Amino acid sequence: MPDGFAAQAKNLIETGRVVTPTASMVSKRVEIGLPKEHSTATEDVQKILKKTGLSKIIASK
Amino acid sequence: MKYALFWGCLIPAREPSYEVSVEKVMPAFGVELIKMEETNCCAPFGIQSLDYTSWLALAARNLCIGEEMGLDIMTLCNDCYESLLMVNTILKAHPEIRNQVNEILAEVGKEYKGKVEVKHMIDVLYDDIGLKKVKDAVKKPFTGLKVATQPGCHLTKPKRIHFGAREFDALDELVKVTGAETISYERREMCCGGPLRGINDELARDVARIKLVNMKNAGAECIVTVCPFCFVEFDLGQLEIRRHFKEEYNLPVLHFAELLRMAMGMKLDDWEIKSHRTPLEPILKGRLKEG
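For the record, the sequence lines run as chains A and B. Position one of the first sequence corresponds to residue 252 (our numbering), numbered consecutively onward. Position one of the second sequence corresponds to residue 0 (our numbering), numbered consecutively onward.
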């Protein structure tokens, strides 16, 4: 498994996203009047990936 | 016109100027964008290659949200577009796969019914709004600006699902109504190299360089894309190529929504101009004030 894909999957399991804003981007978003971030159903992602088995595969990496 | 808006991961995390430009441009054409709440990652090609069923289920969960809103979905990111469009197509065509996915979605209280369509912003501008209305909104045309367009792979492939060549032409035609010229360059349909990041960074950089060389040789003054991954690859990538190869291409990179916004007479804010790593100034003459 390419490291880049494993990193994407790990981030997905932890946050519900493959890419998340840095702290400085969150500050910038607030400064320019955008919401800090868009809402994410992280728990649902975790439940789905537990059911499909991807969480287990990534945890073993 | 009303759409459920799917922001995806990369644009809010890295490219807020794209986000702001879409929010300024689309309402001007009477498009109402209702943000989809409590979404998840679209599950791009990396996840698809790791586990096909996870990809189907994650994308389907997002499709369910559009169905619950009673609206078709508009995406801004090519990867989101490909994921949602492909999964929507597969689940509509294969009831047995749909049933399997719905068993997984039951864990999170969702059910995919197959009552939603997925469009990219380009589809909405080209098909639903139309070139004439877009052209009529242009107040400060980019007359004579030579643009290399980069529609991006996932807007156009696989061709059995996408419109393919039509979507290459759609972006070119939309760029032309802003007054700019689109140039023909070698290997226009080739990938930007971005998907190779994290797998083979050296090859990704080489692929981006080939495209930049071809664009520059064909006389391009800037690059216009609708893909946030292509944007990063060319905008930030030019810095890496300069460091590694000691070569300068100086090709500003714009999202199409930014180009259209400026052509409509709206300026980019200072922070937006500075957010571009390859300086935009060469193409901003006379565009630093509204009107």
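Incorrect hints may have been included.
Claimed, not checked - In silico DSS-like cross-links for lysine-lysine, where the CA-CA straight-line distance does not exceed 27 angstroms:
id, chain 1, residue 1, chain 2, residue 2
1, B, 23, A, 302
2, A, 287, B, 215
3, A, 279, B, 23
4, B, 134, B, 91
5, B, 132, A, 302
6, B, 215, A, 279
7, A, 307, A, 261
8, A, 298, B, 23
9, B, 112, A, 298
10, B, 266, B, 175
11, B, 23, A, 287
12, A, 279, B, 266
13, A, 279, B, 132
14, A, 287, B, 132
15, B, 112, A, 287
16, A, 298, B, 91
17, B, 284, B, 132
18, A, 302, B, 266
19, B, 139, A, 287
20, A, 298, B, 145
21, B, 91, A, 301
22, B, 112, A, 301
23, A, 287, B, 273
Claimed, not checked - Estimated spans, in silico, between C-beta atoms of each pair:
id, chain 1, residue 1, chain 2, residue 2, range
24, B, 189, A, 275, 46 to 52 angstroms
25, A, 275, B, 108, 33 to 39 angstroms
26, A, 261, B, 285, 45 to 51 angstroms
27, A, 265, B, 217, 41 to 47 angstroms
28, B, 93, A, 286, 44 to 50 angstroms
29, B, 22, A, 275, 40 to 46 angstroms
30, A, 275, B, 0, 34 to 40 angstroms
31, A, 258, B, 239, 15 to 21 angstroms
32, A, 294, B, 137, 43 to 49 angstroms
33, B, 131, A, 301, 49 to 55 angstroms
34, B, 205, A, 286, 36 to 42 angstroms
35, B, 0, A, 255, 33 to 39 angstroms
36, B, 143, A, 261, 16 to 22 angstroms
Just so you know, the hints here were simulated from the structure itself, not pulled from any lab data. If you're wondering where the values come from, they're calculated on a predicted model, not measured in any experiment. Where a beta carbon is used, it is the ideal one built from N, C-alpha and C, also for glycine.
How the hints compare with the structure:
1. B/23 <-> A/302: Given pair residue 23 of chain B, residue 302 of chain A is violated - Cα atoms ~40 angstroms apart, limit 27 angstroms.
2. A/287 <-> B/215: The hint is violated at about 38 angstroms.
3. A/279 <-> B/23: With Cα atoms ~18 angstroms apart, residue 279 of chain A and residue 23 of chain B stay inside 27 angstroms; holds.
4. B/134 <-> B/91: With Cα atoms ~36 angstroms apart, residue 134 of chain B and residue 91 of chain B exceed 27 angstroms; violated.
5. B/132 <-> A/302: Given pair residue 132 of chain B, residue 302 of chain A is violated - Cα atoms ~47 angstroms apart, limit 27 angstroms.
6. B/215 <-> A/279: 33 angstroms, violated
7. A/307 <-> A/261: Holds. Residue 307 of chain A to residue 261 of chain A sits at ~11 angstroms (cutoff 27 angstroms).
8. A/298 <-> B/23: 37 angstroms, violated
9. B/112 <-> A/298: Roughly 20 angstroms separates the two Cα atoms, so the pair holds.
10. B/266 <-> B/175: It holds: about 19 angstroms lies between the C-alpha atoms, which stays within 27 angstroms.
11. B/23 <-> A/287: Status holds; Cα separation ~19 angstroms.
12. A/279 <-> B/266: 19 angstroms, holds
13. A/279 <-> B/132: 34 angstroms, violated
14. A/287 <-> B/132: The given pair, whose Cα atoms are some 33 angstroms apart, is violated under the 27 angstroms limit.
15. B/112 <-> A/287: Status violated; Cα separation ~32 angstroms.
16. A/298 <-> B/91: 24 angstroms, holds
17. B/284 <-> B/132: The hint holds at about 25 angstroms.
18. A/302 <-> B/266: Outside the cut-off at roughly 48 angstroms; violated.
19. B/139 <-> A/287: 33 angstroms, violated
20. A/298 <-> B/145: Measuring from Cα to Cα gives roughly 49 angstroms; hence the hint is violated.
21. B/91 <-> A/301: Between residue 91 of chain B and residue 301 of chain A the Cα gap is close to 25 angstroms, so the pair holds against 27 angstroms.
22. B/112 <-> A/301: 23 angstroms, holds
23. A/287 <-> B/273: 20 angstroms, holds
24. B/189 <-> A/275: 46 to 52 angstroms: Roughly 33 angstroms apart at Cβ, these two residues miss the hinted range, so it is violated.
25. A/275 <-> B/108: 33 to 39 angstroms: 36 angstroms, holds
26. A/261 <-> B/285: 45 to 51 angstroms: 47 angstroms, holds
27. A/265 <-> B/217: 41 to 47 angstroms: With a Cβ separation near 43 angstroms, residue 265 of chain A and residue 217 of chain B satisfy 41 to 47 angstroms, so the hint holds.
28. B/93 <-> A/286: 44 to 50 angstroms: Roughly 37 angstroms apart at Cβ, these two residues miss the hinted range, so it is violated.
29. B/22 <-> A/275: 40 to 46 angstroms: Given about 22 angstroms between the Cβ atoms, the range is violated.
30. A/275 <-> B/0: 34 to 40 angstroms: With Cβ atoms ~36 angstroms apart, the hint holds.
31. A/258 <-> B/239: 15 to 21 angstroms: 19 angstroms, holds
32. A/294 <-> B/137: 43 to 49 angstroms: Given a distance of about 45 angstroms, which is inside 43 to 49 angstroms, the answer is holds.
33. B/131 <-> A/301: 49 to 55 angstroms: 51 angstroms, holds
34. B/205 <-> A/286: 36 to 42 angstroms: 38 angstroms, holds
35. B/0 <-> A/255: 33 to 39 angstroms: Because 38 angstroms falls inside the window, the suggested range holds.
36. B/143 <-> A/261: 16 to 22 angstroms: 48 angstroms, violated
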